[in-house]
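Asker: Throw the hints in and build the complete structure from the sequences for me.
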Amino acid sequence: MTVKYRLVKQATPGVKGGGHYKYYARACDRRKITLDELADMLEKRSSLSRGDIIGTLVGMIDLIPDLLLNNHTIELGQLGTFSLNLKSHASEEPRTDGFRLIKSADISFRPSPRLKQAVKYPDYTKSKTSDY
Numbered sequence: 000m001t002v003k004y005r006l007v008k009q010a011t012p013g014v015k016g017g018g019h020y021k022y023y024a025r026a027c028d029r030r031k032i033t034l035d036e037l038a039d040m041l042e043k044r045s046s047l048s049r050g051d052i053i054g055t056l057v058g059m060i061d062l063i064p065d066l067l068l069n070n071h072t073i074e075l076g077q078l079g080t081f082s083l084n085l086k087s088h089a090s091e092e093p094r095t096d097g098f099r100l101i102k103s104a105d106i107s108f109r110p111s112p113r114l115k116q117a118v119k120y121p122d123y124t125k126s127k128t129s130d131y
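According to numbering that gives the first Met the number 0, the sequence shown is numbered sequentially starting from 0.
Among these hints, one or two may not hold up.
[Stated by the list, open to error] Simulated pairs of lysine to aspartate or glutamate, EDC-like, Cα-Cα distance not exceeding 20 Å:
#1 Lys31 with Glu42
#2 Lys3 with Asp28
#3 Lys21 with Asp130
#4 Lys3 with Asp122
#5 Lys86 with Asp105
#6 Lys115 with Asp130
#7 Lys102 with Glu92
#8 Lys8 with Asp130
#9 Lys125 with Asp28
#10 Lys119 with Asp28
[As the list claims (entries may be wrong)] Here are the simulated distance ranges between beta carbons:
#11 Ala104 with Gly58: 17 to 27 Å
#12 Tyr120 with Glu92: 47 to 57 Å
#13 Asn69 with Thr128: 43 to 53 Å
#14 Thr128 with Leu37: 23 to 33 Å
#15 Lys127 with Leu68: 18 to 28 Å
#16 Asp51 with Asp130: 21 to 31 Å
#17 Glu92 with Val2: 44 to 54 Å
#18 Thr128 with Glu92: 45 to 55 Å
#19 Leu75 with Arg30: 17 to 27 Å
#20 Leu56 with Arg29: 18 to 28 Å
#21 Asp35 with Thr11: 42 to 52 Å
#22 Leu100 with Ser48: 39 to 49 Å
#23 Gln116 with Thr72: 19 to 29 Å
These are calculated hints, taken from the structure and not from any lab test.
The C-beta atom is built at its ideal place from N, Cα and C for all residues, glycine as well.
Answerer: Below is the structure:
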């Protein structure tokens, strides 16, 4: 499996006129895999039916937000961990109405060490769409 990349020219942030430009490698030519496509792939690798796989994944999509909103962290073994993070304004003093400081809640996913290791050292190919 090969990761395609292209070089992107990027200016120095905060410098009028861009300052000194540098080139960074960015993954490109990615294609989204739909839930149906994922179910088809998993069906070929397991004894489960496509319907069972879709039912399980849709069930997880429905259940995970409920669990997160009830202060649970969801650890999915070798896949990783879902948790809820809060974005908040700062306050000089502790407040009894601290909930007013909260701007939003976001879902965080932390991949497992095994998942990280599986993608750590891929082969790379420069994309034909790269300008540089």
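Asker: So, for every hint listed, does it hold in this structure?
Answerer: Status of each hint after checking the structure:
The straight-line distance between the Cα atoms of Lys31 and Glu42 is roughly 18 Å, inside the 20 Å bound, and the hint therefore holds. At most 20 Å may separate the alpha-carbon atoms for a hinted pair to count; Lys3 and Asp28 meet this at roughly 7 Å. Taking the CA atoms of Lys21 and Asp130, the gap is about 14 Å. The hint holds against a cut of 20 Å. Only pairs whose Cα atoms come within 20 Å are accepted, and Lys3 paired with Asp122 is accepted, the gap being roughly 9 Å.
Between Lys86 and Asp105, the direct Cα distance comes to roughly 8 Å. Compliance with the 20 Å bound is thereby established for this hinted pair. For the given pair, Lys115 sits about 30 Å from Asp130 by alpha-carbon distance, which is inconsistent with the 20 Å threshold. For the hint linking Lys102 to Glu92, the alpha-carbon distance of about 17 Å falls within 20 Å, and the restraint holds. Among the hinted pairs, Lys8 with Asp130 is consistent with the structure: their alpha-carbon atoms are about 9 Å apart, no more than 20 Å.
Simply put, Lys125 and Asp28 have alpha-carbon atoms about 10 Å apart, close enough for the 20 Å limit, and the pair holds. Between the alpha carbons of Lys119 and Asp28 the distance comes to roughly 19 Å, so the proposed pair stays at or under 20 Å and holds. Against the hinted window of 17 to 27 Å, the Cβ-Cβ separation of Ala104 and Gly58 comes to about 22 Å, which satisfies the hint. For Tyr120 and Glu92, the Cβ-Cβ distance of about 49 Å falls inside the hinted range of 47 to 57 Å, so the restraint holds.
Roughly 45 Å separates the CB atoms of Asn69 and Thr128, a value that falls within the hinted 43 to 53 Å. Between Thr128 and Leu37 the beta carbon distance is about 26 Å. The supplied range of 23 to 33 Å therefore holds. For Lys127 and Leu68, the hinted distance range of 18 to 28 Å is not satisfied, since their beta carbons lie about 45 Å from each other. In this structure the supplied range 21 to 31 Å is violated for Asp51 paired with Asp130, their Cβ-Cβ distance being about 46 Å.
Range check, Glu92 to Val2: Cβ separation about 49 Å, and the 44 to 54 Å hint holds. Evaluation of the 45 to 55 Å hint for Thr128 and Glu92 yields a pass: the beta carbon distance comes to about 54 Å. Against the hinted window of 17 to 27 Å, the Cβ-Cβ separation of Leu75 and Arg30 comes to about 24 Å, which satisfies the hint. The beta-carbon spacing between Leu56 and Arg29, approximately 21 Å, falls within the hinted interval of 18 to 28 Å.
Between Asp35 and Thr11 the C-beta distance comes to about 44 Å, which sits within the given range of 42 to 52 Å. Checked against the given bound of 39 to 49 Å, the beta carbons of Leu100 and Ser48, roughly 48 Å apart, stay inside it. Take Gln116 and Thr72: their Cβ atoms lie about 22 Å apart, and the range 19 to 29 Å holds.
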